[in-house]
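Please construct the entire structure, taking both the sequences and the accompanying hints into account.
Here the protein sequences line up with chains A and G, keeping their order. Throughout, my numbering is defined as the position within the first sequence, counted from one, plus 398. Throughout, my numbering is defined as the position within the second sequence, counted from one, plus 4.
Check each hint, because a few of them may be wrong.
As the list claims (entries may be wrong) - Listed below are several chain G residues computed to face chain A (Cβ distance under 10 Å; list not exhaustive):
#1 A72
#2 L74
#3 V76
#4 A97
#5 L98
#6 A111
#7 R134
#8 V139
#9 S147
#10 G148
#11 M150
#12 A159
#13 T180
#14 I260
#15 R261
#16 R262
As the list claims (entries may be wrong) - Computed far set for chain A versus chain G, every beta-carbon distance over 12 Å:
#17 W443
#18 T641
#19 E674
#20 A679
Calculated directly from the structure, the hints in this document are not laboratory data. Bear in mind that the values here come from a model prediction, so they are computed numbers and not experimental data. Just so you know, even glycine gets a beta-carbon here, dropped at the ideal spot from N, CA and C.
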Amino acid sequence: MSSARMSNTTVRDDDLASLEAGLDALEAGPEERKDRGRRLLSAAWPPVVAIALLLGIWELAYRAGVKPTYALPSPADVGLQLVDQLRDGTLLEAMGVSLSRGGLGFLVALAIGTPLGLLIARVRPVRRGIGPLVSGLQSLPSVAWVPAAIIFFGIGNTAIYAVVLLGAVPSIANGMVSGIDQVPPLYSRVGRVLGARGWDTARFVLLPAALPGYVGGLRQGWAFSWRSLMAAELIVKSPELGTGLGQLLEEGRFLQDMSLVFAGILGILVVGIAVELLLFAPLERRVLRRRGLLLATR
Amino acid sequence: MTLTSSDLAAPAVVRAAGPAVRIAGASKRFGAGPLVLDDISLDVAQGEFVCLLGASGCGKSTLLNLVADLDVPSSGTVEVPGGSAALMFQEPALFPWLTAAQNVELALRLRGAGKKERRERARDLLGLVRLQDAVDKRPHELSGGMRQRVAMARALAQDSHVLLMDEPFAALDAITRDVLHEELVRIRQSQALTVVFVTHNVREAVRLGDRVVLLSSRPGRVAKEYDVRIDHPRRIESPEVARLSVEITGDLRDEIRRHGTAA
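Shown next as structure tokens:
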């Protein structure tokens, strides 16, 4: 059918190679770099100013005597109380207890939420059946589960973990579902063309493609774990359970010790922010950057 | 008829008697919709480069999907006697979480190639499309033309002797496209590939093809065929390419005009 002849093209080949190299170099462009120190500095000053302003307003309200001192202590008093709590180890111990509960609860939620999300995303009857339920559960405040957990499991760690799981599993499952739903159909087609079927499609195409959404779900799952844990600790309280941050708060309320309450709140914030900044933010950034979904300048 | 890794340098396509792709009376209709392809019969010889040309609605991509075994014809048969065909899309469709080399390796892995073989083969194939310096780059770090070359290396990694291309250069700028035309002709020659190339660019079809098949639209039918008797190396701006392009464009316009008067 074809009658076109191919002539010897060695010389032209070198020509083409150099042409192509030039084109690649032009199109790839120079790599961008930005001063790390300056970036940190420009990121750091706005929150510092915001916190200073907040403390200033607090101090003013204290001096104006908006509330009696036991209800509104001065920032300095709370600071001193915080230092005391840190020194005698109460606060750190409470942070440790809560963090280990939160961490363990989160890991179990991960082990349940991930396959659950996968099932909802890929099996149609499962999606129809429990998909709406699982996304609906996300809008249910986990504190609503506490009475039920106490009646069912009694006062104890099981009740606390049950509340944490009920809070975190739906987030993680939903993250998985939305991650998979957002996979471009073209990827599945490419997978098929390359010969992927069944489990290979999930392993080499769907799961890696769903990773950004999944990581977003993990991040939210952690936030829900942490919140649910505080709700549970606040109510589920007994001497043999150990004092977590929630229990510390409740103790502060019982003693009418506002400084202790503030110290507890700060402890909760610090742990929440630290896990976010040290674990989830870098993880998400890494996933996005590898895929070129994050601009270098940010 | 599959190629093994050692064939990369000197491919030994088994010259079987008979065509590399055989389409016999294939029709396609989606559900109760209108006929998309109507009784298409087309044989593509071993090592031949066929360009399918047509306006919108001629079912070019549907036809490729049939050959790629992503879909089945409503009637008639579509066969690739040598096994399966590799397919390249208009978008490079590389996986963004993998490097260039890993993208190519995945194709090999899904075919069951071992680790060492995968690594070497991916390097060789990326070298073939002259991206040996970009093996560890991720898709977003590459230009559009480079990505499409990685996609070509990935398609070649499937070891099909038939390469189907669905407007693979349509989204590229003219300069890059010109370079990739030359690249494709070179690779097709060195790998002794059979190529079925879908385009709506007449000059591109003439620049690349041994044969140009003009399809009519709604439903897609084979309207006319042209043997391209122009020696390689060809250039898209050469008078020979232009001359045949003028003739085909005239016929293509007549085809399109029919739809305006029919409606």
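| field | Violations among the numbered hints | value | Those not satisfied are hints 3, 8, 14, 15 and 16.
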